[in-house]
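Engineer: Starting from the known structure of chain A, fit chain B onto it as the hints suggest.
The primary structure of each chain is shown beneath.
Number of protein chains: 2
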Amino acid sequence: MKRFIFSLIVVATIAGIVMLIVPAPGHADGQPTAPFVTEIPDGYRDWKWISSAHEAGNLNSLGAVLGNDIAIDAYRKGKLPFPDGTIIAALHYHYVPSEENNKVFGQAQSFVPGAPTNIQFMVKDSTKYAATGGWGFAHFQDGKPGDPTFMKTCFPCHEKAKGSDLVFTRYAP
Amino acid sequence: MKRFIFSLIVVATIAGIVMLIVPAPGHADGQPTAPFVTEIPDGYRDWKWISSAHEAGNLNSLGAVLGNDIAIDAYRKGKLPFPDGTIIAALHYHYVPSEENNKVFGQAQSFVPGAPTNIQFMVKDSTKYAATGGWGFAHFQDGKPGDPTFMKTCFPCHEKAKGSDLVFTRYAP
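Top line first, the protein sequences correspond to chains A and B.
Per the working numbering, the first sequence starts with residue 129, numbered consecutively.
Per the working numbering, the second sequence starts with residue 129, numbered consecutively.
This is chain A alone, in the form it adopts within the complex (with noise of 0.2 Å):
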């Protein structure tokens, strides 16, 4: 009875090692686990700018795009593919006038960021996201990060811009 018992633990354990260090699996269609990063990185709102844009349309959306320093030093170097470690965020907000700016020029030409809208990030990792290019994505609103059939749309879009290693960011000098 001690051996079985003690098979039993042996098993149990070697199981979890396997887990431990075999990647997710598919899922049961085949298809690899969704890569989506879940977690917001921590210090964000603190990195280095990397550019702006406006995104016109149904969007309107004002904002600006950050990297980490892995993400700033590969910009600045040329360095694509972008390392693993890189991560790249985008902050988005409501294209907005600015009333008190408007006032001072006398007509409506300031626009500004408004309420924010949502926090999106790329986390490269070429091993844990190879299925998506080596690119983790993120979206987060409230806080709260994106469903999984919103997020699936990332990949197909970015795989776009293959030629900057799916990202359309370029760094502003």
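Take every hint as true, because none was put in to throw you off.
Here are the simulated DSS-like pairs of lysine-lysine, each with C-alpha atoms no more than 30 Å apart in a straight line:
1. K290/A to K280/A
2. K205/B to K231/A
3. K231/A to K280/B
4. K207/B to K176/A
5. K280/A to K231/B
6. K205/B to K290/B
7. K231/B to K207/A
8. K205/A to K231/B
9. K207/B to K288/B
10. K272/A to K176/B
11. K207/A to K288/A
12. K280/B to K176/B
13. K256/B to K290/B
14. K288/B to K231/A
15. K290/B to K231/A
16. K176/B to K176/A
17. K205/A to K272/B
18. K256/A to K176/A
19. K205/A to K176/A
20. K176/A to K272/B
21. K205/A to K176/B
22. K231/B to K288/A
23. K288/A to K205/A
24. K176/B to K231/A
25. K272/A to K205/B
26. K231/B to K290/A
27. K207/A to K280/A
28. K176/A to K231/B
29. K176/A to K205/B
30. K256/A to K290/A
31. K256/B to K280/B
32. K231/A to K207/B
33. K256/B to K207/B
34. K207/A to K176/B
Rather than coming from a laboratory, the hints here were simulated on the basis of the structure.
Structural biologist: Positioned in the frame of chain A, the structure of chain B alone reads:
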């Protein structure tokens, strides 16, 4: 004769010291010397992001406002007036459509920074720049400071933002 030369040296030395410690005198017309900053502050491109802005109209500029650590701390704590040592940088670029992004989106919706147009700074030193609300103003185009006639337009416009210590830009959360 020796004593006369010695006296001359003393007078010249004292005059030199006085020139170093006394603020630059006013022009002959009685106006204070224009408080223009003519050196680009070191390391500004590494500063933290305060906000982005699109100035439409004739300027048609897209850019970012960055701050040194004193500026960022003041913004986050809501400190007004900004303390001495604050430097705020405004990086301006032509507001241009991104051809490559718009190809992916299938419509002209993405606007990004094009060629740089100018960099502007506000430097807080309540003693040195007392005549202009404690702020020294700077404007650089291709690395060269703006001409005095142009620079005289900074303060009268910024003075209209008295409620926020002459600073137009709000911190984007």
